[in-house]
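Chain order of the listed sequences is A and B. Per this note's numbering, the very first residue in the first sequence carries number 171; after that it's consecutive. Per this note's numbering, the very first residue in the second sequence carries number 3; after that it's consecutive.
A portion of the hints provided could be inaccurate.
[Stated by the list, open to error] The calculated DSSO-like cross-link candidates involving lysine-lysine, where the alpha carbons are at most 30 Å apart (straight line), are:
| id | chain 1 | residue 1 | chain 2 | residue 2 |
| --- | --- | --- | --- | --- |
| 1 | B | Lys251 | A | Lys213 |
| 2 | A | Lys187 | B | Lys231 |
| 3 | B | Lys491 | A | Lys196 |
| 4 | A | Lys213 | B | Lys126 |
| 5 | B | Lys251 | A | Lys214 |
| 6 | A | Lys214 | A | Lys194 |
| 7 | B | Lys263 | A | Lys187 |
| 8 | B | Lys4 | B | Lys283 |
| 9 | A | Lys213 | B | Lys231 |
| 10 | A | Lys173 | B | Lys153 |
| 11 | A | Lys213 | B | Lys125 |
| 12 | B | Lys427 | B | Lys262 |
| 13 | A | Lys187 | B | Lys4 |
| 14 | B | Lys668 | B | Lys529 |
| 15 | B | Lys667 | A | Lys214 |
| 16 | B | Lys529 | A | Lys196 |
| 17 | B | Lys193 | A | Lys194 |
| 18 | A | Lys173 | B | Lys156 |
| 19 | B | Lys401 | A | Lys188 |
| 20 | B | Lys156 | B | Lys262 |
| 21 | B | Lys529 | A | Lys213 |
| 22 | B | Lys125 | A | Lys194 |
| 23 | A | Lys173 | B | Lys283 |
| 24 | B | Lys153 | B | Lys262 |
| 25 | A | Lys214 | B | Lys153 |
| 26 | B | Lys262 | B | Lys278 |
| 27 | B | Lys50 | B | Lys4 |
| 28 | B | Lys401 | A | Lys213 |
| 29 | B | Lys529 | B | Lys50 |
[Said to hold, decoys possible] Quick partial rundown of chain A residues pointing at chain B, CB under 10 Å, derived from the structure:
| id | residue |
| --- | --- |
| 30 | Met179 |
| 31 | Asp220 |
| 32 | Gly228 |
| 33 | Arg234 |
In short, the hints are calculated from the structure, not lab data. Built from N, CA and C at the ideal position, the CB exists for glycine as well.
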Amino acid sequence: MEKTLNTLMPLEKGVVKKVTATGKLKQRLFDMGLTSGAEICMKKTAPLGDPIEITVRGYELSLRLAEAQLVVLEMEAV
Amino acid sequence: MKIALAGNPNSGKTTLFNNLTGSSAHVGNWPGVTVDKKEGFYKYNNEKISIIDLPGIYSLSPYSPEEIIARNFILTDVPDEAPDLIINIVDATNLERNLYLTTQLLETGIPMVIALNMMDLIKKNGDIIDVDALSSSIGIPVVGICAFKNKGIKELIEKGIKAVNDKKPARSVLKDSLISSIYSESLDVVKKANVRNEVFVTVKLLENDELVTHQFTELASTIDSIKAKSDFPEYNNDYESIVADLRYKYISSNFSNHQKKNASNKSVSKTEKADKLLTHKIWGIPIFALIMFAVFHVIFSGDFLYLSIYGIDAIEAPGVMLQTFVGELSGKGIEAVAEALADATPWVQSMLVDGLLAGIDAVLSFMPQMLLMFLALSIMEETGYMARIAFILDRAFRKVGLSGKALLPLLMCFGCAVPGIMATKALENEKERKISILIAPFFSCGAKMPIWAVFAATLFLDRGGEFVVFGMYFIGIATAVLLTIILRKTIYKGETPHFIMELPNYHLPQIRSTLRHLWDKFVHYLKRVTLVIAGAVIIIWLLSSFSFKFEMVEDIGDSMIGIISKGLKWLFIPLGFGMGDNGWMFVVAVFTGLIAKEMVVATLGVLGGMSEEDVLEGGELAGTGIAALLATLSVPAAISFMVFNLLSVPCLAAVGAAGAELRSKKNLWGAIGTWLLTAYVVSFVIYWIGTIWWIGLILGIIVAIAITLYILDYKGILKLGKLFNKIFPRKSTSI
């Protein structure tokens, strides 16, 4: 099942399938380790509802929902 | 010999730099603290080795100004300027992402050694990294170090110097990969074109890197045709994504197996525990507010711990005590010099005492509190809390068109706008950078505090003095928000800056490096601000002591600045403080304030017929000359005067800093114009609302609260609304 990163609930996990951003934003997401095959765990949402905090490649990264929407994940089968 | 330090933000690069060079470079746990490259020296066998600390970067792609600085330094077109060695500092606790940059640095062909930092944490966590195996699979020396404890540094330098003499060709992870044939064909093409850094250029051309494809347009189209021969449908033929992917795949299959992680990682769980509270959904923002309140209370409060509520005599906060102490010292110094100069010519004495010394005293009058403010901010930065504040408040910043990253520079402005404006360099988005500089002076700085304090102790004594002081901070912030919204809708339109930020693990602040940072700031000040402000004060002295015929005058009213102010006072009549016999005096104070805000109170004091020392030493002001002078203002006019000082051109030093960051005269004049216009308009509105219509003030407060709630977009209000509906359900229309 596919999902975009912004729709994950806390503690849900997924694997990056592709990044649909363009230009500099795409490059930055790649640089921060969001390439295909990277395992992601959703940690929490900020108090005002945005941005979110995720664990990727062993560190904590925060990004906005608008940017997370451009990261497509393959969800682990339940 | 020249060594460049390159690595990710938060990898301990600056700490290593400090230990190597013994200099006072700033260390911080805020991604992107090193905003320009810094140079220092290391002595090795009597040879002076130059060490360059590059900004922390995640990659060599040109995303932010910092990455461009680092990339241009490493890949300079001038052969002699290239570094002889790169020390790539890698955070051992975060191997995968750190090695991503390593794979790019290897493509430059510059000799390199890896400093594997935070090995002590690896040990503490019970993790294992096979350093030798890692070294042989990457093919360059790897040295385990601990930068904080200065361990492994000597071995690092020795291995590095060996690496310089044992030069290895540039290589890319693409050589044995999915696209190896495309890579080698492209490399041959680039080699034939006789380009410097051929491996790097080839990879960047494959990636469609913006800068390199612009530089080599012909090569780029040849390589595009090579790429067109193959098809990678699983990647949609997107080479940026292929290359990034192959890098990470190469890292996980070749390097990651040299590391064994202990299942129960302690330091991460500590960070997680702290974050459970500090970025908590409900408590995160109140805790932040509480921390900021505590910081301000310790530095600025006249009633520390609110003892007066319990009937105990109020004591001053530590910051105020320190301030008073320094003020007394400098007052005594001035007195002593004045006595020593008693026999000198009057104008020499006046220039030294009323000009130069008064200027130094003016700087000292806010220095201790400013330094404490920076101490607090740098502790927040170093521990990693600042990144969390950006995280919890980003939504609010985005509402007005900024990002959470603008927080640090703007918070600094509460201390002083000069370092605040300089810190805007770390912002990636150019429009965000410009807006931050424009609103920087609205955050009431330390030098404006004495103005609020004098008004609170005279005109507003027993009439909510403290409220007036808070009001100034509030009006400043509200104006900053409004101006940002206006700028975002007009001249600085465009998409809101992205917010992709690492949240580093928390760690305790290093006392030594924090104090070093503070010392650095202090020295920086003595160099930069004192010169400007002392100069400015001498200008003010000159203008207020001499007439246009260049004769010394007794009464400021006959001096150059007095005559100019009398001529221009009509400009300030609409603001409420330009009319009347004393009107011109406030205009003089406004003008001196444009040059240095420290001088506003001193000017008012002198015009009110007091000696400068009396005003600066504070104490009971009721019944004195300055109180009598301020009493000639109506309440709205007084607020209008304060607001004009709050929002107008901050001081010469800040104008200089803004000029350096805006990098264009046109933009700087635009900024100065914006500050003056904003000050005029807001003061005008406040004065007339206050004068005609007291209710207007209340309305204003309601509007301000509404704006704040809109920006915070607090879910709580929605919930209250729902609760209200539940308790008082709307009656259905059926009868």
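For each hint, the structure was consulted:
1. B/Lys251 x A/Lys213: 24 Å, holds
2. A/Lys187 x B/Lys231: Cα-Cα ~25 Å, so holds.
3. B/Lys491 x A/Lys196: With Cα atoms ~26 Å apart, lysine 491 of chain B and lysine 196 of chain A stay inside 30 Å; holds.
4. A/Lys213 x B/Lys126: Holds, because 25 Å separates the two Cα atoms, which is no more than 30 Å.
5. B/Lys251 x A/Lys214: Judged against 30 Å, a Cα distance of about 27 Å means the pair holds.
6. A/Lys214 x A/Lys194: It holds: about 26 Å lies between the C-alpha atoms, which stays within 30 Å.
7. B/Lys263 x A/Lys187: 25 Å, holds
8. B/Lys4 x B/Lys283: Distance ~48 Å between lysine 4 of chain B and lysine 283 of chain B Cα, so the pair is violated.
9. A/Lys213 x B/Lys231: Violated, because 43 Å separates the two Cα atoms, which is more than 30 Å.
10. A/Lys173 x B/Lys153: 46 Å, violated
11. A/Lys213 x B/Lys125: 26 Å, holds
12. B/Lys427 x B/Lys262: At roughly 39 Å apart (the allowed maximum being 30 Å), lysine 262 of chain B and lysine 427 of chain B break the hint.
13. A/Lys187 x B/Lys4: Answer violated: lysine 187 of chain A to lysine 4 of chain B is near 42 Å, above 30 Å.
14. B/Lys668 x B/Lys529: The hint holds at about 27 Å.
15. B/Lys667 x A/Lys214: Not OK: lysine 667 of chain B and lysine 214 of chain A at ~45 Å, beyond 30 Å, violated.
16. B/Lys529 x A/Lys196: 43 Å, violated
17. B/Lys193 x A/Lys194: Holds: lysine 193 of chain B and lysine 194 of chain A sit about 28 Å apart, inside 30 Å.
18. A/Lys173 x B/Lys156: Violated. Lysine 173 of chain A to lysine 156 of chain B sits at ~50 Å, over the 30 Å cutoff.
19. B/Lys401 x A/Lys188: Given that 30 Å is the threshold and the Cα spacing comes to 29 Å, the pair holds.
20. B/Lys156 x B/Lys262: Answer holds: lysine 156 of chain B to lysine 262 of chain B is near 27 Å, not above 30 Å.
21. B/Lys529 x A/Lys213: 46 Å, violated
22. B/Lys125 x A/Lys194: Violated, at about 38 Å.
23. A/Lys173 x B/Lys283: Judged against 30 Å, a Cα distance of about 24 Å means the pair holds.
24. B/Lys153 x B/Lys262: 22 Å, holds
25. A/Lys214 x B/Lys153: Distance of about 37 Å is beyond 30 Å: violated.
26. B/Lys262 x B/Lys278: 27 Å, holds
27. B/Lys50 x B/Lys4: 9 Å, holds
28. B/Lys401 x A/Lys213: 23 Å, holds
29. B/Lys529 x B/Lys50: Within the cut-off at roughly 27 Å; holds.
30. Met179: Violated, about 14 Å.
31. Asp220: 5 Å, holds
32. Gly228: 6 Å, holds
33. Arg234: 5 Å, holds
Going down the numbered hints, you'll see the structure goes against 8, 9, 10, 12, 13, 15, 16, 18, 21, 22, 25 and 30, while the others check out.
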